[in-house]
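Visitor: Here the protein sequences come in this chain order: V and Y.
Reading the first sequence from the start, the letters are residues 135 to 222 in the numbering used here.
Reading the second sequence from the start, the letters are residues 7 to 432 in the numbering used here.
Watch out, some of these pointers could steer you wrong.
Footprint (simulated), chain Y over chain V, 3 or more residues, beta carbon under 8 Å [to be verified]: (1) 172-178; (2) 181-190.
Derived DSSO-like pairs (lysine-lysine); straight-line CA-CA distance at most 30 Å [as the list claims (entries may be wrong)]: (3) K156(V) to K247(Y); (4) K145(V) to K85(Y); (5) K146(V) to K80(Y).
Rather than coming from a laboratory, the hints here were simulated on the basis of the structure.
This one's a predicted model, so the numbers in the text were calculated from it and none came from an experiment.
Yeah, the Cβ is synthetic: ideal placement off N, Cα and C, and Gly gets one too.
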Amino acid sequence: MSKEHVYEVVKKVIMEVLPDVKLEQISIEKKLKEYGANSIDRMEIAAMSMEQLDLKIPLMSFAQVSNIEGLVDVLTENLVEAGSNKEI
Amino acid sequence: MLTTNKIGITGMGIVSSIGDDVSSFCNSLRMGESGIKKVACIKEPRASAVIAAELRKFSFLEFLDRFRNVPDEKLQTAKRLGQRAPFAIRTSIISAMEAWQNAQLFSNQPSPDRIGLIVAGQNSTQNYQYDLIPKFRENPEYLSPRYALEFLETNQVGTISELFGIKGEGFMVGGASASGNVGIIKGYQLVLSGLVDLCMVVGVVADLSPMDIQGFINIGAMGGKKYINQADKACRPFDTKHEGFIYGQASACVILESESSALKRGVHFQAEIKGCSLNLDSNSSSDPNINGETKAMLSALGKAGLSASDIDYLNTHGSSSPLGDKTESEAISQVFGNHSSDLWLNSTKGLTGHCLYSAGVVESIATIEQMKGGFLHPNKNLEEPIRKDLKFCGAEAIDHQINFAMSNSFGFGGINTSIVLKRGEN
C-alpha cells in the first residue's frame, strides 16, 4: 500500500474526527494541532486510521510523530513490515 | 444587599419524549399527550420490553441549530464537544443550553468560581459500552482512546463545565430513580452553604442497555404486558390495572440560584425551593417503605416551615408500580390526613414514562410549569383509582392555581426524597 493511499485514508479520518476541517485545508506537513486537534483527537485519528488500514500496532508507536506526514509514515512503514503491502 | 437564604430556580431546559424544549413539554402536559409508544428499533437480543417513551426525534445538530441568540462561539464549542460524544452527553448539552439561556446566563454570568455543577445520574454509559463490546472482543486495539474519558460518567461534568466555563464545585450524584431530586437537593445545599451563588443541576437521560432492561423485567419492576398493543395505556399510575413502570427517556436541567445573585443579575425565581429532604430506609432491596416516604414528606414540609394543609398539589413519584403506588398513596394519606381530600395529585410519568435518573428534574419542571400556567395536567389512564379517598387529577387538564407544591421521588435501595416548591412572583 502506497504512502499516498495511506495519506488519503488519514485525511478522511481527520475530517471525521474534526468535522470543521475541509479536505482542501489539509496539508501533509502541518501538525494536527494546527487544525484544532487536542491530544485525545490525535490519538483517535491514529487509532481510527489503523482500523481503516487493518493494521494493529501499539498506539505508543506514534509517540514521536510531530506532523501528519510522520503519522502517515509510521502507518506506511508498519503496513510494509506487516506484509500487507498490497499493490494497488 | 439583601441577605436572605432564599433559593430559587431561574432557568429550566428539557429534551423529552413529549417535548423538545420547556414550552413544547408544557404544551404536551396540558394536552395530556403521552410519549409512550412501541419501541422503534429493537436490538438483539430482543428484550421483552417493547413499549417505551423514547427520544425518537432527537438529533444533536438539528436541536443545536434551533438555538437563537446564543453566542456563536458557544454553539461551536457545543458542536465540538457533542458531535462525537455518546447520546447521554449530547442530550445533556441540549437541555443544559436551554436552561443556561433561560436563566440569561449567556449575557449575564457571575464569576465562574461561584457557579457549581451537579450532574444527577448513574450508569449513564451502560448502553454506550454495551454497543462497543462486540467490536472490542474482535479488535481491542481499535478501541477509541476517547473511551477512557467516556466510560467515566464524570465526562458529563467535564464536558458541561467546559461548555459553560463552570469552575466552582462539580460532581455526579446517583440515587437510582430519585437521582434527579438528589441532584436538586445537593445543589440547593451547595447554594445555601454559600459555596456557590448558582448551581446547574442536570438530570441525565437513562440510556439503558438491553441487559439493563431485561434486569428490570426480571426483577418484576417493568410493566407493559397487559397493554402491549395499546402503548399509551400501559403506564397507569394509581390505577388498579397498573403493572410496573414504563421506561422513558429525557434529559432535564434546572439552574438553582440564591436570591441575592438573581437580584444582582436581574432575573426572577420561576419557583422557590422552600424545603427538601433526603432519607434512607437502610434497605438494600427494591421495595418501598411507607415510613421512609412519610418521613421524607414530613421533613421537607418541616424545613419549608409549612404545614401539610399549605400544599395545594403533589407531583407524585407515581411510577405505575403496584406496590410503589400503594405505598406512596398510603404515605400521602398519612402525611396529609384530612387535607388529603383537598390535595390534588398527578403523576407526570403517565405521560413521560419513568425517566429514572432525570425523573426528579423532569417532574420539578412539570410542577413549575403547572404553577406558572395555573393548571394541573391529567393523570393519564386513571380509570379505577386504587384509593377513592385521594384527589387524583382526571383525564383532562384543569385550571388550578398552585401556591405550594411538593414533588416526590423514591429509588431502589430505600432512597426517599421530597421537595417543596413555592410559585414564583412573576
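Visitor: Would you mind marking each hint as holding or not holding in the structure?
Guide: The hints, checked one at a time:
Coverage of the stretch 172-178 of chain V by chain Y holds [criterion: at least 3 residues with CB-CB distance below 8 Å; count 3]. Under a criterion of three residues with beta carbons nearer than 8 Å to beta carbons of chain Y, the stated coverage of the stretch 181-190 of chain V is upheld, 5 such residues being counted. Proposed proximity of K156(V) and K247(Y) is contradicted: the alpha carbons are some 57 Å apart, above 30 Å. A hinted pair counts as satisfied when its Cα atoms are at most 30 Å apart, and K145(V) with K85(Y) qualifies at roughly 21 Å.
Proposed proximity of K146(V) and K80(Y) is supported: the alpha carbons are some 26 Å apart, at most 30 Å.
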